[in-house]
Amino acid sequence: MRSRTLAGFAALLRAELADLFQYRIEMFLYGLWQVVNPIIYLVIWSTVVGGGTIAGYARDDFILYYLVFMVVSHLTLAIEVYTMAPSIQTGRLSPHLLRPLHPFWRAGALNISYKAVNLMFLVPIWVGLALILRPAFSPDWLGLALFLPSMVMAALISFLIGSCFAMLAFWTTRSMSFWDIWMSLTLLLGGQVAPVAVLPGFLQQAAVVLPMRYTVGFPIEVALGRVQGAELAAGLAIQAGWTVAAAAAFVVIWRTGVKRYAAVGA
Amino acid sequence: MTADIRVRNLVKHYQVADREGGLRASLRSVVRRRHRVVRAVDDISFDVEPGEIVGFLGPNGAGKTTALKLLSGLLHPTSGEATVLGFTPWGRRREFLSQITLIMGQRQQLYWDLPALDTFLVNKAVFGLEDAAYEAQLDQLVNLLELEELLTKPVRQLSLGERMKAELAAGLLHRPRVLFLDEPTIGVDVTMQQRIRDFVTRYNAATGATVLLTSHYMADMKALAERVVVIDHGKLLYDGPLAGLVDRYAPHKTITLHLERSVDRADVSVYGEVVDADDLQVRIRTEKAKAAAVTARMLAELPVADLSVEDPPLEYVIDQVFRRRDS
Numbered sequence: 023m024r025s026r027t028l029a030g031f032a033a034l035l036r037a038e039l040a041d042l043f044q045y046r047i048e049m050f051l052y053g054l055w056q057v058v059n060p061i062i063y064l065v066i067w068s069t070v071v072g073g074g075t076i077a078g079y080a081r082d083d084f085i086l087y088y089l090v091f092m093v094v095s096h097l098t099l100a101i102e103v104y105t106m107a108p109s110i111q112t113g114r115l116s117p118h119l120l121r122p123l124h125p126f127w128r129a130g131a132l133n134i135s136y137k138a139v140n141l142m143f144l145v146p147i148w149v150g151l152a153l154i155l156r157p158a159f160s161p162d163w164l165g166l167a168l169f170l171p172s173m174v175m176a177a178l179i180s181f182l183i184g185s186c187f188a189m190l191a192f193w194t195t196r197s198m199s200f201w202d203i204w205m206s207l208t209l210l211l212g213g214q215v216a217p218v219a220v221l222p223g224f225l226q227q228a229a230v231v232l233p234m235r236y237t238v239g240f241p242i243e244v245a246l247g248r249v250q251g252a253e254l255a256a257g258l259a260i261q262a263g264w265t266v267a268a269a270a271a272f273v274v275i276w277r278t279g280v281k282r283y284a285a286v287g288a
Numbered sequence: 093m094t095a096d097i098r099v100r101n102l103v104k105h106y107q108v109a110d111r112e113g114g115l116r117a118s119l120r121s122v123v124r125r126r127h128r129v130v131r132a133v134d135d136i137s138f139d140v141e142p143g144e145i146v147g148f149l150g151p152n153g154a155g156k157t158t159a160l161k162l163l164s165g166l167l168h169p170t171s172g173e174a175t176v177l178g179f180t181p182w183g184r185r186r187e188f189l190s191q192i193t194l195i196m197g198q199r200q201q202l203y204w205d206l207p208a209l210d211t212f213l214v215n216k217a218v219f220g221l222e223d224a225a226y227e228a229q230l231d232q233l234v235n236l237l238e239l240e241e242l243l244t245k246p247v248r249q250l251s252l253g254e255r256m257k258a259e260l261a262a263g264l265l266h267r268p269r270v271l272f273l274d275e276p277t278i279g280v281d282v283t284m285q286q287r288i289r290d291f292v293t294r295y296n297a298a299t300g301a302t303v304l305l306t307s308h309y310m311a312d313m314k315a316l317a318e319r320v321v322v323i324d325h326g327k328l329l330y331d332g333p334l335a336g337l338v339d340r341y342a343p344h345k346t347i348t349l350h351l352e353r354s355v356d357r358a359d360v361s362v363y364g365e366v367v368d369a370d371d372l373q374v375r376i377r378t379e380k381a382k383a384a385a386v387t388a389r390m391l392a393e394l395p396v397a398d399l400s401v402e403d404p405p406l407e408y409v410i411d412q413v414f415r416r417r418d419s
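One line per chain: the protein sequences are A and B, in this order.
All the letters of the first sequence, read from the start, carry residue numbers 23 to 288 under my numbering.
All the letters of the second sequence, read from the start, carry residue numbers 93 to 419 under my numbering.
Excised from the complex, chain A in its bound form (with noise of 0.2 Å):
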C-alpha cells in the first residue's frame, strides 16, 4: 500500500515537472521576481546600517541574510492558494478525488516541482548576486547541518498552512483575501521586511512563538549561526510544534471541507 502511494506520488511528479517545463518564461519570470523583493530589502538595510550595526546584524550580515533568504522563501513558498483553491471553486478538483490516492500527494507533488523547476532558473540569478555582491562568511558548522531539517519543517509549515487557507475554498469565494492577511503578517513577522532580531522587543516575543518566523526566517537564522545553544533547542521544538499544529489543521479542514465539496463545476 505505501509503495503505492509512493509510486503514485513519483508518478504525478514527473507529469507535474512535465507540464511545468512546457512554461520556461514564465518560469524565469517567477524566478526574477522571487529575488527583487529580497534585493529591495538587502539595499534598504545595507544603506541604513552604514558601517555599524544594527542588532548585531553589519553590513555583509543583511547582504548574507538576504541572499539566503532568496533560497529560503523559494523553498517555502505556498502556492496552493493560487492552485488548490482555484481547483476546488472550479470542480478541477473532481479527478483528483476519484483517484485512490490523496489528493495532498498531488499537491505536495505540483508544490515541489514548481520549486525544482524555478530553482533552475533562480540559481544562476543567485550565484551572479554572490559573485558581485561577496559578503564575508565564517561557517558555523552545527548550523549549516541543522539548516536542512529546519528548512524541511520549514517548507512543510508553509505548504501545510498555505493548503489551509486553499481548503477555505470549500466555503468561500475569496480564500484569497484570507491568504493576504496571512501573507502580510509573514511579511512583519516572519523575517522577510527585517530579520527577526531587528524588530522592537514585543513584535520578537510575538514572533517567537507564532508560526511565521518559522516558515522563513528561522531556518536563515539556523543556517547563518543566529541562534544558538537553548534558543536553537526551543525555535526547532517550537517548529516542530507547529510542523504537528499545521497537519492536524490540515486534515480536520480537509475532512469538515471535503463533505462541502458541491462546487458548481464540481
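Hints listed in this document are in silico derivations from the structure and should not be mistaken for laboratory results.
Among these hints, one or two may not hold up.
According to the in silico footprint, chain A covers these stretches of chain B (three or more CB under 8 Å from chain A) [what the hints assert, rightly or not]:
hint, stretch
1, 165-173
2, 209-216
Here are the simulated lysine to aspartate or glutamate pairs, EDC-like style, with alpha carbons at most 20 Å apart [stated by the list, open to error]:
hint, chain 1, residue 1, chain 2, residue 2
3, B, K245, A, D41
4, A, K137, B, D205
5, A, K281, B, E173
6, B, K314, B, D368
7, A, K281, B, D134
Since the structure is predicted, the reported quantities are computational estimates derived from the model, not experimental observations.
Note that beta-carbon positions come from the ideal geometry of N, C-alpha and C, so glycine has one too.
With chain A's structure known, arrange chain B on it following the hints.
Leaving out everything else, chain B in the frame of chain A:
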C-alpha cells in the same frame, strides 16, 4: 445476486445565494444574504444489477449529474444511503475508487499540455497496475478506440472527439467494474457518437461491467440502455425498460397516410386525432390498441396510396413525461 449499485432515499440539497440584479440588491446583499435551497436529488431509490446498462434521463438541471457525483463519491449527500460494490461511495475508500470510474464529457483529467500517455502513466502508478496488465489494457483500449495516433500528441492539440476518446481510455485503464458516464457523447460528431456507443457496448459485453450513463441524446439511450431511470427536479419519475416508458407516456401510434386524391379533413378525423394534414398527406395519432383496426378501416375506406405506422419518437415521449410533471 446482490445489486452493484443500491440507492435508498438519496437526497442532496445545495444552498445557493439568491439575489436580484442591480446595485441596490447588491448593496443589500452586503448586509443580508438570501439563500435558496436547491433540491438537486430529492429522495430517489433504485438498484442496478451487475452487468446492467442503465440510462439516466432528464432535462438540464434534473439532478442526473449530481446523482452520478454522489454515487462516485465526489459529493456527500444531505441524507439517504447508497452503496456501490458494497462501499459507501463518499467514504472514498481506496478499494472503492480502484473499481469505479466517472467520466464526464465536460471535465477532464488529462494533462492539458502533455500527451495523453503521460496521464496514463500517472494512472498506472496511482492505481497500482502491473506492467503486463497495463500494457494489455492499453492495447485493448487503443484498438477499440483507435487511439494509436493520438497518444503522443499534447492533449490541447486534440479535437473534442479525440479528447473524449483519450479521456475514456484514461478512465478505463484500471478496468473498473462500475462505470459512471456523464454525457459521454456530448459535443462530438455523429460518427464519433456511434463509435463511443459501440465501445461502451463492447466493453460491457467483454468485462461484464455495470454502466450508469446520462445523455441528452436519445440515440445513446436507444443503443445502450435497456432500462432507463427518468428524473426531473431531483425526483424519480420512471424506472423500467425504455419500451415501457413509451407505453406509459405515449401509448399511441402515428399513422402517416399518402393519399391518391385529397379528402375532406372531417373524413379523416373520424379515425383519430389529426396531427397535421396537407393536400395528399395526413398524419393521425391513435391509441396503440386500436392501431391495427384503424389501419384496416382506413385502407378499406380511403384512397390510400401508401401508409406507415410508427411509434412516436422518443424525444416526444420524454417531452410528454416532463410536461405531465410540470402541469
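Unmet hints by their number, sorted upward, for this structure: Hint 6 is the one this structure does not satisfy, whereas the remaining hints hold.
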